[in-house]
Amino acid sequence: AQKITQTQPGMFVQEKEAVTLDCTYDTSDQSYGLFWYKQPSSGEMIFLIYQGSYDEQNATEGRYSLNFQKARKSANLVISASQLGDSAMYFCAMRPPWADSSYKLIFGSGTRLLVRP
Amino acid sequence: EPEVTQTPSHQVTQMGQEVILRCVPISNHLYFYWYRQILGQKVEFLVSFYNNEISEKSEIFDDQFSVERPDGSNFTLKIRSTKLEDSAMYFCASRGTGSTGELFFGEGSRLTVL
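Chains A and B supply the protein sequences, listed in that same order.
When we follow the numbering used here, the leftmost residue of the first sequence carries the number 1, and every step to the right adds one.
When we follow the numbering used here, the leftmost residue of the second sequence carries the number 1001, and every step to the right adds one.
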């Protein structure tokens, strides 16, 4: 069975500094994908970044990068130059292989990030 | 930028009442989903829908839940007889067939059952 673990319930970071949010996963599948979503206090789920298990390079999207270490089964999110607007809950999620049409994402429990001015 | 839209944003209902949550997925998407997030808990998969039928449902999605795509644009989640424990944020999501398979979520519908 697939599982996502986020061990940091809460994190603080100083504005303009970088922060790493941890995510480890467990799966027996060879093909899978990993996502990070941001959930502000307003509640919506905002897609940040995606990494496929066969992607050789770490994904980057602006200030977001995903530190993918396949052998260690980790997919940490790095936010560079933190901004006050980055304060939110962050969820790591995993999708099943493409053959599974359900696309049942498994979510972690989330990390609440607070950016200090 | 195309987006998934959900209505209502917040609904308060009495226990035992029927509720319909509506979603308009991104227009060229083919796969549709409902997820749920009870306050302070993980986001949980409820159901996936493709080609006008359910492709998978979770153990949460019991007989009081149903989904349909009545007119080719809206995708609805019906809760037949709401219970207190149905209070949650309900997210609709859709995806196309692109290589990333990114799942686009709506802004959520917050359901409060009294």
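Worth double-checking, as some hints may not be accurate.
Computed from the model, here is a short list of chain A residues facing chain B with C-beta under 8 angstroms [said to hold, decoys possible]:
| id | residue |
| --- | --- |
| 1 | 19 |
| 2 | 43 |
| 3 | 45 |
| 4 | 54 |
| 5 | 68 |
| 6 | 86 |
| 7 | 91 |
Calculated from the structure, these hints are not laboratory results.
Note that this is a predicted model, so its numbers are computed, not measured.
Heads up, the beta-carbon is just placed ideally off N, CA and C, and yes, glycines get one too.
To see whether the hints hold, each was checked on the structure:
Against a cut-off of 8 angstroms between C-beta atoms, the interface hint on residue 19 (chain A) is violated, since the closest Cβ of chain B lies about 22 angstroms away. Of the supplied interface hints, the one on residue 43 (chain A) holds, with its beta-carbon coming within about 5 angstroms of a beta-carbon of chain B, less than 8 angstroms. Because the beta carbon of residue 45 (chain A) sits about 4 angstroms from the nearest beta carbon in chain B, less than 8 angstroms, this interface hint is met. Evaluation of the residue 54 (chain A) hint against chain B yields a violated restraint, the C-beta minimum of about 11 angstroms exceeding 8 angstroms.
The interface hint given for residue 68 (chain A) is broken, as the beta carbon of that residue sits about 14 angstroms from the closest beta carbon of chain B, more than 8 angstroms. A least Cβ separation of about 19 angstroms between residue 86 (chain A) and chain B goes past the 8 angstroms threshold, and the interface hint is therefore violated. Because the closest C-beta pair between residue 91 (chain A) and chain B is about 6 angstroms apart, less than 8 angstroms, the hint holds.
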